[in-house]
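S.K.: Residues per chain are reported as follows:
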Amino acid sequence: MKKYLLTLICMLCLISSELTAQGMTRSTGLGMRLGFWNITNHPTRIKSSGLGESMTVDIGGVGAWLTFFSRLKHNWFMEVNLGALAGVHTEQSNYVVRNVESSTIVPVLFGIRRGILSGRFSSSIQPYLSAGVGPYWSASIKTEGEPMFGEQEIDSKLYYGAYGGGGVHLVLASWFALNFGLRYHFVDFEFEKGYSGLEFSTGFSVMWGSKQEIFQIKDIKVVVNDLYPAYYRFYNTYPLALITIKNVAGYPIEVNVKSRINGFSERVQNSGFVKIGNGTSRDIPVTVIFGQNLMQINQRKPAILDIEVEARAGKITTKSVSAQIMVHNKNAWNGDMDKLGMFITSEDEEILNFSRKVASQIKTDTPAVRADFLKAKILFEELGKKGIRYHRDPNIPFYQDDRVQFAMETLEQKSGDCDDLVVLYASLLESLGIETAFIEVRDPQKDIAHLYLIFDSGVSPADGYHISENEKRYIIRENPQGKASIWVPVETTLVGENFESAWNAGAMAYLEEGLIRNGIAAGWVKIIDID
Amino acid sequence: MNKLAYILISIIVTTGVLLAEFDKVTIISISGQVKVRQGLDENWTPAGEGMQLKPVDTILSEEDAQAVIEIPGKGRFVLGENSMLDIGDLRDISEKEMFLFLMSQKVQKMSPHDGNKELKIGNVSVVHGEDRGKPGVTEGDRQDSRWEREKNGAEALLQHEYYTNAVVKLTNILLRYPGINDCGEVHYFLGKAFEALNKKGQAVDAYREVLNAKDCESASARKWHAEAQMAIEKLK
Numbered sequence: 233m234k235k236y237l238l239t240l241i242c243m244l245c246l247i248s249s250e251l252t253a254q255g256m257t258r259s260t261g262l263g264m265r266l267g268f269w270n271i272t273n274h275p276t277r278i279k280s281s282g283l284g285e286s287m288t289v290d291i292g293g294v295g296a297w298l299t300f301f302s303r304l305k306h307n308w309f310m311e312v313n314l315g316a317l318a319g320v321h322t323e324q325s326n327y328v329v330r331n332v333e334s335s336t337i338v339p340v341l342f343g344i345r346r347g348i349l350s351g352r353f354s355s356s357i358q359p360y361l362s363a364g365v366g367p368y369w370s371a372s373i374k375t376e377g378e379p380m381f382g383e384q385e386i387d388s389k390l391y392y393g394a395y396g397g398g399g400v401h402l403v404l405a406s407w408f409a410l411n412f413g414l415r416y417h418f419v420d421f422e423f424e425k426g427y428s429g430l431e432f433s434t435g436f437s438v439m440w441g442s443k444q445e446i447f448q449i450k451d452i453k454v455v456v457n458d459l460y461p462a463y464y465r466f467y468n469t470y471p472l473a474l475i476t477i478k479n480v481a482g483y484p485i486e487v488n489v490k491s492r493i494n495g496f497s498e499r500v501q502n503s504g505f506v507k508i509g510n511g512t513s514r515d516i517p518v519t520v521i522f523g524q525n526l527m528q529i530n531q532r533k534p535a536i537l538d539i540e541v542e543a544r545a546g547k548i549t550t551k552s553v554s555a556q557i558m559v560h561n562k563n564a565w566n567g568d569m570d571k572l573g574m575f576i577t578s579e580d581e582e583i584l585n586f587s588r589k590v591a592s593q594i595k596t597d598t599p600a601v602r603a604d605f606l607k608a609k610i611l612f613e614e615l616g617k618k619g620i621r622y623h624r625d626p627n628i629p630f631y632q633d634d635r636v637q638f639a640m641e642t643l644e645q646k647s648g649d650c651d652d653l654v655v656l657y658a659s660l661l662e663s664l665g666i667e668t669a670f671i672e673v674r675d676p677q678k679d680i681a682h683l684y685l686i687f688d689s690g691v692s693p694a695d696g697y698h699i700s701e702n703e704k705r706y707i708i709r710e711n712p713q714g715k716a717s718i719w720v721p722v723e724t725t726l727v728g729e730n731f732e733s734a735w736n737a738g739a740m741a742y743l744e745e746g747l748i749r750n751g752i753a754a755g756w757v758k759i760i761d762i763d
Numbered sequence: 017m018n019k020l021a022y023i024l025i026s027i028i029v030t031t032g033v034l035l036a037e038f039d040k041v042t043i044i045s046i047s048g049q050v051k052v053r054q055g056l057d058e059n060w061t062p063a064g065e066g067m068q069l070k071p072v073d074t075i076l077s078e079e080d081a082q083a084v085i086e087i088p089g090k091g092r093f094v095l096g097e098n099s100m101l102d103i104g105d106l107r108d109i110s111e112k113e114m115f116l117f118l119m120s121q122k123v124q125k126m127s128p129h130d131g132n133k134e135l136k137i138g139n140v141s142v143v144h145g146e147d148r149g150k151p152g153v154t155e156g157d158r159q160d161s162r163w164e165r166e167k168n169g170a171e172a173l174l175q176h177e178y179y180t181n182a183v184v185k186l187t188n189i190l191l192r193y194p195g196i197n198d199c200g201e202v203h204y205f206l207g208k209a210f211e212a213l214n215k216k217g218q219a220v221d222a223y224r225e226v227l228n229a230k231d232c233e234s235a236s237a238r239k240w241h242a243e244a245q246m247a248i249e250k251l252k
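So the protein sequences, as listed, match chains A and B. Sequential numbering from 233 applies to the first sequence in this note's numbering. Sequential numbering from 17 applies to the second sequence in this note's numbering.
If you're looking for bench data, these hints aren't it; they were derived computationally from the structure. Be aware that one or more of the hints could be misleading.
[Stated by the list, open to error] Straight-line alpha carbon distances no greater than 27 Å define the calculated BS3-like cross-link-like pairs of lysine-lysine that follow:
no. : chain 1 : residue 1 : chain 2 : residue 2
1   : A       : K704      : B       : K239
2   : A       : K678      : B       : K40
3   : A       : K704      : B       : K230
4   : A       : K704      : B       : K40
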């Protein structure tokens, strides 16, 4: 018998943990149970002697329970138990029932229940402890002699008492569980006297209501409301949004945030599981991995950032939210100077071919000290020969975006405004390994900002005369290692004129605006290195 | 019209007036050989009395030469021998603008990285492709003479109590001629300028650089060293 019982228990465990493992997830339940509680202090038995001439029947106590329970917090529940149990003692002689003694008890109990396993253990076997207090109404009817003619004594009394014990829920579905319980009733707060005793019950529970939450999404802050395709490499590490997740499980959980923008993401991006302490909130950055398809956008359009949060606590629980962001045209630029460098395509094959072909025109006997300067000069003049000229941006209605062309686009269209031309010239110079930087001028006396470019000639200040006898025509800058070199300013909008003119215009602008009018010190003339 | 508009108009008008006056710097007298370089010209031309100079111009005096220039609202400025001065160096520079300039020089030296830029993955330990044909830094007489003239120009600013202008010019000289061992002379003048501006901390820093000068046994170097030492003691 023991073997069969053990096998049955093992099978139940396997089934519960592997197939239907879910724990107590619902908030409310109603249980029906059969209870066995010896309230008569007689063992349940049938004793007969002779050929049924004398027989004693004892039923210690059996009845039913109706239990309502509701979750208070985490694994804590309140429960209300309504029971009705009865015990009977009859004596029969010569086939006539002579003495009958019946006892009934109707407890109405209010208590609390606590699940022993926290929600992180998703086993369907959910043990619990429970305790409570309440009135126990008892009635006993004692008949001496034959039931119809004998003397009857009826006794009724109201006791108060308490109970304590535990049980196991075998959760078969989120709405249904079998129940086995064992508890001790202290009727009239006595340990052994009267009705006090151990009760065993078995039954089932039907559950409903909201499922237990492990985490809540408290907030989603979209950091990048406007997405500029040219910055896609930047977005791969910069969060588009911050999602605030609160752990309400009652124990530490681990959370992973999955994110994607349908049609633009290369794949789903995982934040990786991060731990969130019990009752605490955490901001988790949401990043998205973009692919080259983002660079195909010709007109701005809305896109949906889909975020799925999965919490790991024994089992995986997920919640989803989404946010709308605006994806701009591939040429759109928000005017942020730190981002203009993202338009530089120095590794573009056609740009490399163009710049190297032009640079190869330098005579082999050119002094090495002037090599980079001459490459920059020839490149600039070659752009003029190709017919590239300054041209204003088209008007963009409804919204304020600056438009920046990629280097190849400017080469093909043969025109661009100041930002297009600095991007083109910087792409070509950078493709030859010549460092460049933008100079942005936000003159407080003018309505529109302006951009031109400086490049590192690689010439040390001591050799500056190789470039110019007039030190006002160049800027001396130190690199982070403390090595100074000469940077040459070029007004790229003068493409089509000779290099000297563009150089002079750039140098004069820097001298007048940056130095004499203190634009550099005041911050309205800025040098932005291209990283 | 609101207050902001009035303030903006005032700033624009004031700036315009200042720049307009600054445009009228005139050479009053000349002795010896004095040259002028206009704007971004590569060549020097002989200066003449009554010649008007613009902020972008430069004036240069040879050995045993001197020039006196008139700056509207500020009086006369004497440029001694063997000196070079940008007319722009005579502009009004407030202490705030001077410090903003010094700060901007520091910012320019910094690495351009900031927190918003994408992370770099260090999968390349060294970049290959050095041009072995490129010579290293050289210093010649040309460099020395230019440094000497610029330093003399800065000293002239200091003598005429253009302290903020002197700080800016001396800082530029330090940046422009990093290879020259001046035995702490530029830092000595820088210390004097800061001291005159009552910027004790910066003055002490500059004087300490004078004490750090090496391989300097000349009488002048010993004098700067001793005076820097005394100034540090006094300023402490």
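S.K.: If a hint holds in the structure, say so; if it doesn't, say that too.
M.R.: Here is how each hint holds up against the structure:
no.	hint	verdict
1	A:K704 / B:K239	violated (33 Å)
2	A:K678 / B:K40	holds (25 Å)
3	A:K704 / B:K230	violated (31 Å)
4	A:K704 / B:K40	holds (21 Å)
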